[in-house]
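Trainee: So the chains spell out like this:
There are 2 protein chains.
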Amino acid sequence: MRVVPALPGEFTPPARLLLGPGPSDVHPRVLRAMSVPLVGHLDPAFVTMMEEVKALLRFVFATGNDLTFPISGTGSAGMEACLVNLVEPGDEVVVGVNGVFGTRMADVIERTGACPVRVEAPWGRVIRPEQIEAALRNCRHPKLVALVHAETSTGAWQPLADAARLAHDHGALFLADCVTSLGGVPVEIDAWGIDAAYSGTQKCLSCPPGLAPATFGPRAFEVAKSRRTRVQSWYFDVGLLARYWGEERVYHHTAPISMNYALREALRLVAEEGLEARFARHRRNHTALAAGLVALGLELAAEEGHRLPMLNAVAVPDGVDEARVRTRLLGEHGIEIGGGLGPMKGRVWRIGLMGESSRGTHVLAVLAALEQALRAEGRRVVPGEALAAAQAVYAAV
Amino acid sequence: MRVVPALPGEFTPPARLLLGPGPSDVHPRVLRAMSVPLVGHLDPAFVTMMEEVKALLRFVFATGNDLTFPISGTGSAGMEACLVNLVEPGDEVVVGVNGVFGTRMADVIERTGACPVRVEAPWGRVIRPEQIEAALRNCRHPKLVALVHAETSTGAWQPLADAARLAHDHGALFLADCVTSLGGVPVEIDAWGIDAAYSGTQKCLSCPPGLAPATFGPRAFEVAKSRRTRVQSWYFDVGLLARYWGEERVYHHTAPISMNYALREALRLVAEEGLEARFARHRRNHTALAAGLVALGLELAAEEGHRLPMLNAVAVPDGVDEARVRTRLLGEHGIEIGGGLGPMKGRVWRIGLMGESSRGTHVLAVLAALEQALRAEGRRVVPGEALAAAQAVYAAV
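Read top to bottom, the protein sequences are chains A and B.
Take the first sequence: its position 299, counted from the start at 1, is 299 in the numbering used here, and no numbers get skipped.
Take the second sequence: its position 333, counted from the start at 1, is 1333 in the numbering used here, and no numbers get skipped.
All the pointers check out, no bait thrown in.
One side only, chain A facing chain B, incomplete, derived with CB under 10 Å:
hint, residue
1, GLY9
2, PHE11
3, VAL36
4, LEU38
5, ASP43
6, GLU80
7, PRO209
8, SER233
9, TYR251
To be clear about the criterion: a stretch of chain B counts as covered by chain A if any three or more of its residues have a C-beta under 8 Å from a C-beta of chain A, and this derived list gives those stretches:
hint, segment
10, 1107–1121
11, 1257–1263
Derived by calculation from the structure, the hints in this document are not laboratory data.
By construction, the Cβ of each residue, glycine as well, lies at the ideal position given by its N, Cα and C atoms.
Could you put together the complete structure from these sequences and hints?
Mentor: Below, the structure is given as structure tokens:
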């Protein structure tokens, strides 16, 4: 009994400005790269392309690590790939938990049979080096310290260098979640002593979701190779992946060809802009947005001094319906912003200014739309004040 | 020390005819679908699209299973997703091993801590129901029977219905690997009593690699929900995935938006052609190819009566350099065919006629190229005989 479904027509998505927690807007050149015919995953032309992608990823990660390549899944697959290779049952893993993604890391660590040692901070605040140090001192043989560089659920910007140093002082590896930070703020794998890191394509790299760029330093790869137990995941086994992405080119799984085309083009755009210019653009648009939000009487939820430029968690004022404002922005303006997750559900909006989405025009558009929506919610807002505040930032540059 | 890489130019792949084990050629409509701007993974427009993809997948899988959706990884991710959810440490799993992908299943089963009970057949032959029954009788509480429907490494076409019935008679679930079969030969999830199955997008669905369509029947989902232990993978935890792909729409990971656009369009093309017409096309082109291969003095490696139409493993004649022939086809004609894997390395070519790649013109092209290459290898081949044999098949239809 084969039920033939009512055949839907061609998919024509509504026009959107993607100012949520990702995906971000994708450059037309990246979209076009995906519309190019496929070659095989062992084709010499694809093998050349793999090397180019690896070189470009080393550039954005600021690393010389050979083993720098995209995992064939989204950012969370990158998280799982790093953790299942680096830890084994019984290992002590110090993990920072101050948002959804630190919580998720602890969950993944538990599922490997390792023991997460949670170092907590209130959501929106960052983890202090003293906390990491205290946790390490309480461990017998800490295997790994894992922190989220850019906590997408709160907008908190976690410093990493001190924590990496502490991890090494205690004989542990250091793993960083760079899903939202890579391409938007400096990520210095080698300079900060990060042994392994993963990211996602759909944030500040402005490539569609589907790949998780990852990097493994020599110490991390050595740990992965000298495990007592097999890696619990075949799909994410870095020893096997390294044979395909390394010189041997041994078939493991069929690489997502078109997504790799897209990533290559997105990374070319990053390199053409230059990292410093790109970081400055992200900072500038964040400053303008923040000025406009203040003028609207709104507050950023993340700790002052540790606010990410690409992810702005905004506290929802009392008496304002969080979801209704988002629905209005999407319905009336085609602007997507995100809601809160976990304990922040209903309490914050998350405005993303990532990669291609980080543009002055977008900042003005979302401020104008928010001003209108807040007025509809009964808030008293001085017309034009938010736009003027943002424009003043741009004028001052 | 940030090394700016020499910036590569725009990627322009060489023209290829993809007649290997996948990826297959992708229809221009599918390529175009990926070049469309993105919407968010919780956008109402995307949620509607998810439902359409699920309905189209139920159609090709011939199932009424609610839980039918694409896993965010390639076919091997689908394999791992099914196995890690359905089996637990200590479970007995009867698994057919007669090629690379059955071997891979056994490997994944071991990594879950379950006990694979291997039922073997020589590569190229299929597993007999009596073998399954004997293995089940030797188990105390068999949890699952797992077979590969279309063994991409050998071209063997495994019957499934009897094995599924035997599994149920012994209180076990039945899992099928339909990576290469789906969309090319009948796959009857409900009629054959298959409890769970997975596929890949890059074979007979002719969509780029990157997603693994999967389906879980009520019994399988019940087993996954009533486990004693947690699913070892967070990324593949079907309980969490079902909350995003089901009615709740709870964020799990960011769905690969563009790949889902592509899959939807590829499935629309399948539905427009009709499954019976598509299966007949695959059979016809296989018959023509086989006739041409015989005329070239070549033999198919898979067991007679169990030869897949979309994957033709061809024995390499003595004195012929397997790799040199493939290199010649790729270099001189832009035709990709596959080599052998594992014990078949160097001993077979694998000619795929999958989805968009299954065309009469392609059959003639690969036969002409092979004829030329074999002559260059010193084989005596009657000019034009292979093409005539293939053309006779088309003329007789």
